[in-house]
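Hey, can you work out the whole structure from these sequences and the hints?
Chain residues, written in single-letter form:
There are 2 protein chains.
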Amino acid sequence: MHNCWIEYDHTSDFSLYNLPYGVFRYDGRYGVGVAIGDQVIDMTAVAHIEQFQQELKIPAEVFARPVLNDYIAQGPAKHREVRKYLTRELTDVQSYLRDHQVLLSQSDVEMVLPVRVPNYTDFYSSRDHATNVGKMFRDPENALLPNWLHMPVAYHGRASSIVVSGTDLHRPCGQQMPKDAETPVYGPCRLLDFELEMAFIIGKANELGRPISTADADDHIFGLVLFNDWSARDIQKWEYVPLGPFLGKNWGSSVSPWVVPLDAIEKFRVPGPAQSPEVLPYLKYEGDRHYDISLEVAIQPDDMDETTIVRSNYRHLYWNMAQQLAHHTINGCNMQIGDMLASGTISGPTESSFGSMLELSWAGKKDVELVGGQKRKFIHDGDRVIMRAFAQNNDCRVGFGEVRTKILPSHKTKS
Amino acid sequence: MHNCWIEYDHTSDFSLYNLPYGVFRYDGRYGVGVAIGDQVIDMTAVAHIEQFQQELKIPAEVFARPVLNDYIAQGPAKHREVRKYLTRELTDVQSYLRDHQVLLSQSDVEMVLPVRVPNYTDFYSSRDHATNVGKMFRDPENALLPNWLHMPVAYHGRASSIVVSGTDLHRPCGQQMPKDAETPVYGPCRLLDFELEMAFIIGKANELGRPISTADADDHIFGLVLFNDWSARDIQKWEYVPLGPFLGKNWGSSVSPWVVPLDAIEKFRVPGPAQSPEVLPYLKYEGDRHYDISLEVAIQPDDMDETTIVRSNYRHLYWNMAQQLAHHTINGCNMQIGDMLASGTISGPTESSFGSMLELSWAGKKDVELVGGQKRKFIHDGDRVIMRAFAQNNDCRVGFGEVRTKILPSHKTKS
Numbered sequence: 007m008h009n010c011w012i013e014y015d016h017t018s019d020f021s022l023y024n025l026p027y028g029v030f031r032y033d034g035r036y037g038v039g040v041a042i043g044d045q046v047i048d049m050t051a052v053a054h055i056e057q058f059q060q061e062l063k064i065p066a067e068v069f070a071r072p073v074l075n076d077y078i079a080q081g082p083a084k085h086r087e088v089r090k091y092l093t094r095e096l097t098d099v100q101s102y103l104r105d106h107q108v109l110l111s112q113s114d115v116e117m118v119l120p121v122r123v124p125n126y127t128d129f130y131s132s133r134d135h136a137t138n139v140g141k142m143f144r145d146p147e148n149a150l151l152p153n154w155l156h157m158p159v160a161y162h163g164r165a166s167s168i169v170v171s172g173t174d175l176h177r178p179c180g181q182q183m184p185k186d187a188e189t190p191v192y193g194p195c196r197l198l199d200f201e202l203e204m205a206f207i208i209g210k211a212n213e214l215g216r217p218i219s220t221a222d223a224d225d226h227i228f229g230l231v232l233f234n235d236w237s238a239r240d241i242q243k244w245e246y247v248p249l250g251p252f253l254g255k256n257w258g259s260s261v262s263p264w265v266v267p268l269d270a271i272e273k274f275r276v277p278g279p280a281q282s283p284e285v286l287p288y289l290k291y292e293g294d295r296h297y298d299i300s301l302e303v304a305i306q307p308d309d310m311d312e313t314t315i316v317r318s319n320y321r322h323l324y325w326n327m328a329q330q331l332a333h334h335t336i337n338g339c340n341m342q343i344g345d346m347l348a349s350g351t352i353s354g355p356t357e358s359s360f361g362s363m364l365e366l367s368w369a370g371k372k373d374v375e376l377v378g379g380q381k382r383k384f385i386h387d388g389d390r391v392i393m394r395a396f397a398q399n400n401d402c403r404v405g406f407g408e409v410r411t412k413i414l415p416s417h418k419t420k421s
Numbered sequence: 007m008h009n010c011w012i013e014y015d016h017t018s019d020f021s022l023y024n025l026p027y028g029v030f031r032y033d034g035r036y037g038v039g040v041a042i043g044d045q046v047i048d049m050t051a052v053a054h055i056e057q058f059q060q061e062l063k064i065p066a067e068v069f070a071r072p073v074l075n076d077y078i079a080q081g082p083a084k085h086r087e088v089r090k091y092l093t094r095e096l097t098d099v100q101s102y103l104r105d106h107q108v109l110l111s112q113s114d115v116e117m118v119l120p121v122r123v124p125n126y127t128d129f130y131s132s133r134d135h136a137t138n139v140g141k142m143f144r145d146p147e148n149a150l151l152p153n154w155l156h157m158p159v160a161y162h163g164r165a166s167s168i169v170v171s172g173t174d175l176h177r178p179c180g181q182q183m184p185k186d187a188e189t190p191v192y193g194p195c196r197l198l199d200f201e202l203e204m205a206f207i208i209g210k211a212n213e214l215g216r217p218i219s220t221a222d223a224d225d226h227i228f229g230l231v232l233f234n235d236w237s238a239r240d241i242q243k244w245e246y247v248p249l250g251p252f253l254g255k256n257w258g259s260s261v262s263p264w265v266v267p268l269d270a271i272e273k274f275r276v277p278g279p280a281q282s283p284e285v286l287p288y289l290k291y292e293g294d295r296h297y298d299i300s301l302e303v304a305i306q307p308d309d310m311d312e313t314t315i316v317r318s319n320y321r322h323l324y325w326n327m328a329q330q331l332a333h334h335t336i337n338g339c340n341m342q343i344g345d346m347l348a349s350g351t352i353s354g355p356t357e358s359s360f361g362s363m364l365e366l367s368w369a370g371k372k373d374v375e376l377v378g379g380q381k382r383k384f385i386h387d388g389d390r391v392i393m394r395a396f397a398q399n400n401d402c403r404v405g406f407g408e409v410r411t412k413i414l415p416s417h418k419t420k421s
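Protein chains in written order, with my numbering: chain A, 7 to 421; chain B, 7 to 421.
Simulated from the structure, these hints should not be mistaken for laboratory data.
A few of these clues could be false.
For chains that are exact copies, the list does not tell them apart, and a pair is met inside one copy or across any two.
To be verified - Straight-line distance between alpha carbons at most 30 Å, and here's what the computed DSSO-like set of lysine-lysine pairs gives:
(1) K141 - K185
(2) K290 - K210
(3) K210 - K412
(4) K290 - K243
(5) K141 - K243
(6) K273 - K63
(7) K290 - K418
(8) K290 - K185
(9) K210 - K418
(10) K383 - K372
Following this line, the structure appears as C-alpha cells:
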C-alpha cells in the first residue's frame, strides 16, 4: 500500500489499515468521523465534496447525526466503497481531500457513544473464564455447566447504561447477603469488578423468525469495540439465581469510541480451538473465524501511574462471533442495526491473562500488586480502569484505542 | 361525570374514564389515537384545532409519529391536561371536536406497536407463580428461592421482538436436552407456552446513577398494556442455568395496542399483601399501590370457538410497580421513555388463576380441556392465544382490550 499523506507514528492504533468510525462533538455539532493517526476525518465535510457525492451517493445528512446508525444502515457494500474511497484518497498526494477542511485533531473533539444501542447481549464465551468461575463457586471437578460446550451461553443486558470511554461511573448501591447473615443488607457494592470484553455491532438486520447462518454472519457485523462489563459481584451473587445477572451489571458498561470495521482485522484471522463434543450443525462454520487481537487492562489509582494487570487475547474465545450470532438468531430472534453483542470476559489459560479481578484475586483470596506498592482485590473509588486492544503484524497495526473509566464514590441514598 | 356524545355500550373497554393511547395506521399514515367506544380519536386532527393548540401548546407533529415516545416525552403534567381537555370536550355537546373530522372507526384502522421500546425488563413478582415453578422443578418444601421475598427478582428481556396484538409468530426452533439423553438435539419447540402479564411503560427518564424512590414511582409511569411473554419451555430449561432465560423467550412477546394511563385506573387501587419478612427501607411504600384488574386468557384453535382457561387478577402480585421501579433503579440504572417493565406471570392462588400452561398442565402432567373436546398441555400450531384485562365497578369500566396472537408452524431451518 502507498504511503498516507497524513503522517502518523508506526505505534499509532489508527493506521491507514484501520479507518475506524466514531461520532465526535465539535463546536456544538455532531459528526461521523474516521480516525487516522491523531486526526479525525470529519465525514460531514467529506460528504459535501462533489467527487465524494458523485462516487458514493450517500445523503450528506447521514454523517451529521449524533450516532452511526443511519450510516450503518447504508449497508455493507456502501461501507466497503467508503473504505476504498478513503484508502485511495489518503494515499493520493493530489487528493481532493487536501483542498478541503476535512481534518480535526483528536485532542480537539469529544468522542460520544458511537451508536444508539437498541439491544445489548452479553455472551459467556471464554472457556477459561467459565471454568474459573465454576471452580470458585461451583464444583472444581465439574467446573463447566452441562450446556456450556454445546452452545454459546448468553443473557440480555441493559442497553440504556452503556456509556462511552471517559464517562465516570458511581459505585452502585444495592442488596447484598453477607456471609453467615440471615437477612440481606443495603449498601454500596464492596466487590466492584471489571470484565475485559470485546463487542461487535450489528450492521444488518434480520427479519423476526429468520435465523442468520454462520456463513452469513460476517455480512451482519459492522465492526467491533472494546467493552468493559462492569460488575458488582456482591449484588450479582445474591440476585442472580434463577434469572441471571441484573442489578449487578446494569448500572454501567463502558465502550471505546472507535468502531473498528471487520474488514480492518481481516488479515488477523486465526483458527479457533477444536470444539469437542461436536457442535450441532447450525453452529458449524467454515474457515478461520477467530481473530488475533491483543488485549490489556491497566489500573490507575488517583495520582498514581498505571499498572497493566491483564494481558489476554481475543483469540482465546471458544465460541466465535459467527457462532454467537447463529445461536442468538436460531430461534428467529431479530437483530437490529446498532445492537451490541459482547463476548463475555476474555480470559486466557494463564493467570496473567485472566480478564477480571474476581479471577485475578481468586474471589478476593489474593492481592494484585500495583506499581507504587498499592494492592487490589477489587476496584477502589478513584481508580481508573483502562482497557486497550490492538492487532499487529510486521506490516501494520490496527488498534482499538482504549476504554477508560473512573469509579466515583457511591451517591448517598436512602438505606 | 356527564354523558359522552360519542355513544358506546356499557360493556365497552374504552369508556370515557379510560382514554387509552395508541398509534394507528390509516390511509398510509401514522397517527396517535385515543380510543373511545368503537371509535378512535385521531389526535393528528385534534392537534390542528386552534382551541387545542392554544390550550395545550403541543407541536402537532408529535401526534403524527409512528410511536408514542415523543408524545410521552411531553411529560406527565401535559398528559393530564390532554386527558382533562378530552374529557371536557367529549362531554360537551357543543364541542369544537364535533365540527372537525376527528373520529375514525376502530375497524378501519390498523393498530401498530404503540411505543419504541428502548429496554424491556421482565419481573417475577407473583408469589403463586414463583411457588408453583419452585414446586415443579426445585424443592416442593422450599419452593421460593432465598432472595425472592427480599427483592422483586427480574431479568432483562429482548426489546426487538416485542410485537403488537395480531402479529402471528412462528414456533421457534432451538436446542433441547431430551430426558435421559446424553447430547442435546435441535428442533422445533415442543413445549410452547404463554405467560399472562401486564407491563408498564416508562413516562419519564431518570439520570444514570440516580434511583427513583417508591414515592416518586408513579410520576415515571405513563401507562400499562397487556403482555404475553411467550416461552419455549424446553429451550428455556436447557439454556437458563446460570445466566437466565434467553432463546426460550426472545423469539417474541406480544402486547395490546392501547396504553391505559395510570390515571385511568386510579379508582381501582387496592392494598397489597402483607410483606413478611419486612422489606428493606428502599422497598417500603405508602398507600395502596396494587390495582384490581381482572385478567383472562382464552385459547382458540383453528376453526373452533375460544375457551377461557385462566381468570386471574393483577392484584395477585406480591411486588407492586413502585417497588419494581425502585428496585430496578436502586443501583442507578437509568430508565428511558418507552421502556417496558413486565410483571412476570400473574398467577393467583387457585388453579383456575394460574397464568401459564406450565402451571395449568402442571408441567404436562394433566390436560386442559377446551370446548369442542380438544385438550391442551401446551400450545399447538394454529392456536390463537387471547388475553384480556379490565377494571370494573358499579360506575365504570376501564378495559385494556386484548392481545391476540396466532402460533404458526416453525420455519424449516438447517438442523
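Status of each hint after checking the structure:
For the identical chains of this complex, K141 and K185 are neighbours both inside a copy (19 Å) and across copies (27 Å), given an alpha-carbon limit of 30 Å. In this assembly of identical chains, K290 and K210 lie within 30 Å of each other by CA distance solely inside one copy; the values are 21 Å within and 45 Å between copies. Taking CA atoms no more than 30 Å apart as the test, K210 paired with K412 passes between copies only; the shortest distance there is 28 Å, against 33 Å inside one copy. Proximity of K290 and K243 under a CA criterion of 30 Å is satisfied inter-copy only: 23 Å between copies versus 34 Å inside one chain copy.
For the identical chains of this complex, K141 and K243 are neighbours both inside a copy (15 Å) and across copies (23 Å), given an alpha-carbon limit of 30 Å. For a Cα distance limit of 30 Å, the shortest separation of K273 from K63 inside one copy, 29 Å, qualifies, whereas the shortest one across copies, 58 Å, does not. Taking the shortest alpha-carbon separations for K290 and K418, only the inter-copy value of 18 Å comes in at or below 30 Å, while the best intra-copy value is 50 Å. In the homo-oligomer, the alpha carbons of K290 and K185 lie at most 30 Å apart only across protomers (25 Å), although the nearest pairing inside one protomer, at 44 Å, exceeds that limit.
Only between protomers do K210 and K418 lie at most 30 Å apart by alpha-carbon distance; the minimum there is 22 Å, versus 43 Å within a single protomer. For a Cα distance limit of 30 Å, the shortest separation of K383 from K372 inside one copy, 7 Å, qualifies, whereas the shortest one across copies, 52 Å, does not.
The structure shown violates none of the earlier numbered hints.
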